[in-house]
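> Listed here are the chains, written in short residue letters.
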Amino acid sequence: DTEVTQTPKHLVMGMTNKKSLKCEQHMGHRAMYWYKQKAKKPPELMFVYSYEKLSINESVPSRFSPECPNSSLLNLHLHALQPEDSALYLCASSQETIGISYEQYFGPGTRLTVT
Amino acid sequence: DAKTTQPPSMDCAEGRAANLPCNHSTISGNEYVYWYRQIHSQGPQYIIHGLKNNETNEMASLIITEDRKSSTLILPHATLRDTAVYYCIVTGGYQKVTFGIGTKLQVIP
Numbered sequence: 001d002t003e004v005t006q007t008p009k010h011l012v013m014g015m016t017n018k019k020s021l022k023c024e025q026h027m028g029h030r031a032m033y034w035y036k037q038k039a040k041k042p043p044e045l046m047f048v049y050s051y052e053k054l055s056i057n058e059s060v061p062s063r064f065s066p067e068c069p070n071s072s073l074l075n076l077h078l079h080a081l082q083p084e085d086s087a088l089y090l091c092a093s094s095q096e097t098i099g100i101s102y103e104q105y106f107g108p109g110t111r112l113t114v115t
Numbered sequence: 116d117a118k119t120t121q122p123p124s125m126d127c128a129e130g131r132a133a134n135l136p137c138n139h140s141t142i143s144g145n146e147y148v149y150w151y152r153q154i155h156s157q158g159p160q161y162i163i164h165g166l167k168n169n170e171t172n173e174m175a176s177l178i179i180t181e182d183r184k185s186s187t188l189i190l191p192h193a194t195l196r197d198t199a200v201y202y203c204i205v206t207g208g209y210q211k212v213t214f215g216i217g218t219k220l221q222v223i224p
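So the sequences go chain by chain: E and W. Sequential numbering of the first sequence, starting at 1, is according to the numbering used here. Sequential numbering of the second sequence, starting at 116, is according to the numbering used here.
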């Protein structure tokens, strides 16, 4: 199974709402990633978790709060977002060994609209 | 990670080979060349990667020059389903991956 699943597929939220994006993989990968992709732009890395610990935060605003409750799940909690945060949010996973790079497997993304 | 340069767009006739170039002149010895593609509104899909030898899998071939400063992704028989943005990425043994603007490949019937 080389699938990364993301829910929901689409999300519309107001600026005062709190919502969460979910990502799941069952490939035994120990690295998981959140990316943000604006229209007609490449994906931009937001966060990386390695063995359930946050290892990279690309200076993302605190209104985005990641969580990795176990090795298969990755959440992105959203609070007080701005309209400019509307984007496709992508989750990815990969194997993890220090000093070795591995390919990443991406989910289909959650299309977020902030009104 | 080393910076990559790709043409912004390319066309390819259906059934012909698509050759997508990538320049990475500042690549260092321990950095790999990865290729991903993103079909419209889907998540990126891993295609192939290599260090210095040419690589082939069921999707594509990767040709890396001897000096490793450039590479070419070859889709041997392009189909309409290969229309996508193709990203060439250079990365070492760590997690941070930086996507460039990629090449938008249009396969023409």
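Honestly, I wouldn't trust all of these hints.
To be verified - In silico DSSO-like pairs for lysine-lysine, Cα to Cα no more than 27 Å straight-line:
1) K219/W to K19/E
2) K19/E to K118/W
3) K18/E to K219/W
4) K19/E to K184/W
5) K9/E to K118/W
6) K38/E to K9/E
7) K41/E to K9/E
8) K38/E to K22/E
9) K219/W to K118/W
10) K211/W to K40/E
11) K118/W to K184/W
12) K22/E to K211/W
13) K40/E to K167/W
14) K19/E to K167/W
15) K38/E to K167/W
16) K41/E to K211/W
17) K41/E to K184/W
18) K167/W to K211/W
19) K53/E to K211/W
20) K53/E to K40/E
21) K53/E to K18/E
22) K9/E to K40/E
23) K9/E to K167/W
Derived by calculation from the structure, the hints in this document are not laboratory data. As the structure is a prediction and not an experimental result, all values here were calculated from the model.
> Now tell me, hint by hint, if it's right for this structure.
Each hint tested on the structure:
1. Between K219/W and K19/E the alpha-carbon distance is near 33 Å, which puts this suggested pair outside the 27 Å criterion.
2. Under the criterion of a C-alpha separation no larger than 27 Å, the hint pairing K19/E with K118/W is inconsistent with the structure, at around 36 Å.
3. Restraint check for K18/E and K219/W: not satisfied, since their Cα atoms lie roughly 36 Å apart, outside the 27 Å limit.
4. Annotation: proposed proximity of K19/E to K184/W is violated, straight-line Cα distance about 45 Å (limit 27 Å).
5. Taking the CA atoms of K9/E and K118/W, the gap is about 32 Å. The hint is violated against a cut of 27 Å.
6. Taking the CA atoms of K38/E and K9/E, the gap is about 16 Å. The hint holds against a cut of 27 Å.
7. A hinted pair counts as satisfied when its Cα atoms are at most 27 Å apart, and K41/E with K9/E qualifies at roughly 19 Å.
8. At most 27 Å may separate the alpha-carbon atoms for a hinted pair to count; K38/E and K22/E meet this at roughly 19 Å.
9. This hinted pair checks out: K219/W and K118/W have alpha carbons roughly 18 Å apart, not beyond 27 Å.
10. Restraint check for K211/W and K40/E: the C-alpha separation of about 21 Å stays at or below 27 Å, so the hint holds.
11. Distance hint between K118/W and K184/W is fulfilled; the C-alpha atoms sit about 11 Å from each other, no more than 27 Å.
12. Simply put, K22/E and K211/W have alpha-carbon atoms about 21 Å apart, close enough for the 27 Å limit, and the pair holds.
13. This hinted pair does not check out: K40/E and K167/W have alpha carbons roughly 31 Å apart, beyond 27 Å.
14. Distance restraint check for K19/E and K167/W: the Cα-Cα separation of roughly 45 Å exceeds the 27 Å cut-off, and the hinted pair is therefore not satisfied.
15. Between K38/E and K167/W the alpha-carbon distance is near 33 Å, which puts this suggested pair outside the 27 Å criterion.
16. For the hint linking K41/E to K211/W, the alpha-carbon distance of about 18 Å falls within 27 Å, and the restraint holds.
17. Between the alpha carbons of K41/E and K184/W the distance comes to roughly 25 Å, so the proposed pair stays at or under 27 Å and holds.
18. Annotation: proposed proximity of K167/W to K211/W holds, straight-line Cα distance about 21 Å (limit 27 Å).
19. Only pairs whose Cα atoms come within 27 Å are accepted, and K53/E paired with K211/W is accepted, the gap being roughly 15 Å.
20. With a C-alpha separation of about 31 Å, the suggested pair K53/E and K40/E falls outside the 27 Å cut-off, and the hint is violated.
21. Note on K53/E and K18/E: the hinted pairing holds, with a Cα-Cα distance of about 23 Å set against a maximum of 27 Å.
22. Distance check on the hinted pair: K9/E and K40/E sit about 19 Å apart at the alpha-carbon level, within 27 Å; holds.
23. Only pairs whose Cα atoms come within 27 Å are accepted, and K9/E paired with K167/W is rejected, the gap being roughly 39 Å.
Hint violations for this structure: numbers 1, 2, 3, 4, 5, 13, 14, 15, 20 and 23, all remaining hints satisfied.
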